[in-house]
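Protein sequences appear in the order of chains P and U. Numbering of the first sequence is given in my numbering, commencing with residue 2 and proceeding in unit increments. Numbering of the second sequence is given in my numbering, commencing with residue 2 and proceeding in unit increments.
Among the hints, erroneous ones may be present.
One copy or any two copies: either way a pair holds, since identical chains are not told apart in the list.
[Said to hold, decoys possible] Derived SDA-like pairs (lysine to any residue); straight-line CA-CA distance at most 25 Å:
{"hint": "1", "residue 1": "K189", "residue 2": "P268"}
{"hint": "2", "residue 1": "K260", "residue 2": "E212"}
{"hint": "3", "residue 1": "K109", "residue 2": "W172"}
{"hint": "4", "residue 1": "K255", "residue 2": "I127"}
{"hint": "5", "residue 1": "K260", "residue 2": "T209"}
{"hint": "6", "residue 1": "K109", "residue 2": "I275"}
{"hint": "7", "residue 1": "K312", "residue 2": "N300"}
{"hint": "8", "residue 1": "K260", "residue 2": "E98"}
{"hint": "9", "residue 1": "K312", "residue 2": "P259"}
{"hint": "10", "residue 1": "K255", "residue 2": "L100"}
{"hint": "11", "residue 1": "K75", "residue 2": "N59"}
{"hint": "12", "residue 1": "K260", "residue 2": "F306"}
Quick caveat, the hints were computed from the structure, so don't treat them as lab data.
Protein chains: 2
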Amino acid sequence: MIENLHTSQISVGVIGLGLMGSSIVAALLVSGHPVKAIAPLPEDMALGPHQIEEQLINCEQSGLLSRSVNSYLKQLTVSEDYNALQDCRLVIECVIEILDIKKAIYRKIEEVVAADTVIASNTSAIPISILQQHVSRPVRFLGIHWAEPAYMTRFLEITCGQQTEILLAEWVYALAHYWDKEPTLLKKDIRGFVTNRLMYAVYREALTLVENGEATIEDADKVFRYDAGSWMTLMGVFRRMDFLGVPDYVEIFKNVFPKLSNSDNVPAIMQEMIRLKARGVHTSHGLYDYTSEEAKEWNDAFTAFNQDIYKLAAQYPGDKIKGSV
Amino acid sequence: MIENLHTSQISVGVIGLGLMGSSIVAALLVSGHPVKAIAPLPEDMALGPHQIEEQLINCEQSGLLSRSVNSYLKQLTVSEDYNALQDCRLVIECVIEILDIKKAIYRKIEEVVAADTVIASNTSAIPISILQQHVSRPVRFLGIHWAEPAYMTRFLEITCGQQTEILLAEWVYALAHYWDKEPTLLKKDIRGFVTNRLMYAVYREALTLVENGEATIEDADKVFRYDAGSWMTLMGVFRRMDFLGVPDYVEIFKNVFPKLSNSDNVPAIMQEMIRLKARGVHTSHGLYDYTSEEAKEWNDAFTAFNQDIYKLAAQYPGDKIKGSV
Chain P
2 MIENLHTSQI SVGVIGLGLM GSSIVAALLV SGHPVKAIAP LPEDMALGPH
52 QIEEQLINCE QSGLLSRSVN SYLKQLTVSE DYNALQDCRL VIECVIEILD
102 IKKAIYRKIE EVVAADTVIA SNTSAIPISI LQQHVSRPVR FLGIHWAEPA
152 YMTRFLEITC GQQTEILLAE WVYALAHYWD KEPTLLKKDI RGFVTNRLMY
202 AVYREALTLV ENGEATIEDA DKVFRYDAGS WMTLMGVFRR MDFLGVPDYV
252 EIFKNVFPKL SNSDNVPAIM QEMIRLKARG VHTSHGLYDY TSEEAKEWND
302 AFTAFNQDIY KLAAQYPGDK IKGSV
Chain U
2 MIENLHTSQI SVGVIGLGLM GSSIVAALLV SGHPVKAIAP LPEDMALGPH
52 QIEEQLINCE QSGLLSRSVN SYLKQLTVSE DYNALQDCRL VIECVIEILD
102 IKKAIYRKIE EVVAADTVIA SNTSAIPISI LQQHVSRPVR FLGIHWAEPA
152 YMTRFLEITC GQQTEILLAE WVYALAHYWD KEPTLLKKDI RGFVTNRLMY
202 AVYREALTLV ENGEATIEDA DKVFRYDAGS WMTLMGVFRR MDFLGVPDYV
252 EIFKNVFPKL SNSDNVPAIM QEMIRLKARG VHTSHGLYDY TSEEAKEWND
302 AFTAFNQDIY KLAAQYPGDK IKGSV
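Chain P extracted, bound-state conformation:
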């Protein structure tokens, strides 16, 4: 059935129109799909369409659109009624990380979609193998983990749960290339996905250094921005070693690994943030403090930087220069 449609004719459903959900909708519209967006919350219904339009305008300003914003919006249906999902070949759940809420949503999806429609979660907190237990046909369930903003990042992590049919994951993998992503396909469901595992190893170490008074928050940010940042988008971690010379790394492994934090605990700095209900730029108070003007400047800087690095990354595609494993 899937095979008979041109890719751009495949309808995709998205459940949840928060920041992430609406940017996924925008990404799918830009790729040419008809999108059926379900708003489970009243505020999603009120704000979602406006957010999506804003994001499409962003895309237009960045030169990602080949037609008018309106012509993309015509492909969009926003509804509170799950029946809108009927013709979707793929439905992406993108709601709050609470299992019971997700379960209820999967039930509603399965009531209306075809038996071979793929159902995906954008979760970054709950293992796919667990979510999968709450759908009637677990083989067609998998994880599609996006980065914000979905229409202007190349990252996409596709994760199988224990029961996922691999052919369906490979179909999503192929679709992701059509969306202009650089997807990864994880056939094993590891706790925390690959990107989380790597970044949380950094967070554990960085927080430990700060707690021990060995580095400041500002210093840790500076070294990552100007050292890691200077090669990350080109190389990733392993090719970086190939580039700088593998043996030097091994010498440093011997010295540094035994010094690294092995803590399981949530660091006190972060517990304090929770106590203070600090939410960073969103509340003007976080690991840094912000005036509302500074918070806005950071938001604007992020939007602008994202466009810049997205374009820069496109000049250095992974497949152009091989160097195979």
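Got chain P; can you put chain U on it based on the hints?
Showing chain U alone in chain P's frame:
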């Protein structure tokens, strides 16, 4: 004495003209300093001046020079004779990471320089407090840790040893701003510096995932390039949390920290690399394999990317948008 000179009149010495040493020389020349480069090895003497000229041509092509390449080269002395260091206010050692070799070099430096000349090491493997024990006046010894290529990265990590006079470190910190860096100043000598500690936490986790068959080398590189890479240069790690919302991170900490690798061992993959004498792009064999053409393409891509990200970073300076700690 330092105070009476205009910064650009301060002579700086560099010992060792390998890849890193010669790019440090280029960086210092571009900043306007007279540079006395000491070549401890015959190949440094033979290749160093040529490499430095090439790097200055690189700088010219990237628009970093305000005068001709030759006018910068006129400020450069390359010699095997340590007496050339006599008028230097700062000398940076940049030789192989072998303590005995470094010790011998510090002796030669101290024989010729003034009592208040600052001596620094570019080491990334040996603690400053240990190196410091091998100079006659440890208060004037510190670490200056550069990133490659030194003339086109903003990273600079200044590290005090236990006996370093902090005022001298602060003088280097001020100088580093004159060099157009975004320096960090670590008053405590921690094992592995901040950038190593953070990146080696990533390496430990990434290698463990690959060893367990939970991710491929290519997948780990992809997620870092396209996820972390999409915000790293703008934000670093802590501000990223402020941006995405601190509480979500804390939830994931609880789940992911207990899953992270706590291994002290050099992973088998890396031991195998050592056994095979694999040195990545330099030998066409490493974590990836390369034809000599692909190795060249990666080298060229790195040169080009470095220029691009260097310019991009300059549009988002850390000090422009505050958000103070």
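Evaluated hints:
1. K189 with P268: Between copies only: 21 Å across chains, 29 Å inside a chain, cut-off 25 Å.
2. K260 with E212: both (15 Å within a copy, 21 Å between copies)
3. K109 with W172: For K109 and W172, only the intra-copy Cα distance (24 Å) is at most 25 Å; the inter-copy one is 65 Å.
4. K255 with I127: between (34 Å within a copy, 12 Å between copies)
5. K260 with T209: Both: 11 Å inside a chain and 17 Å across chains, each within 25 Å.
6. K109 with I275: neither (34 Å within a copy, 55 Å between copies)
7. K312 with N300: Result: close both inside a copy and across copies, 19 Å intra and 21 Å inter.
8. K260 with E98: Between copies only: 19 Å across, 34 Å inside.
9. K312 with P259: The answer is neither: 39 Å in one copy and 37 Å across copies each exceed 25 Å.
10. K255 with L100: This pair counts as between: shortest inter-copy Cα distance 16 Å, intra-copy 42 Å.
11. K75 with N59: The answer is within: 17 Å in one copy meets 25 Å, while 50 Å across copies does not.
12. K260 with F306: Neither: 34 Å inside a copy, 32 Å across copies.
When held up to the earlier numbered hints, the structure conflicts with 6, 9 and 12 and fits the remainder.
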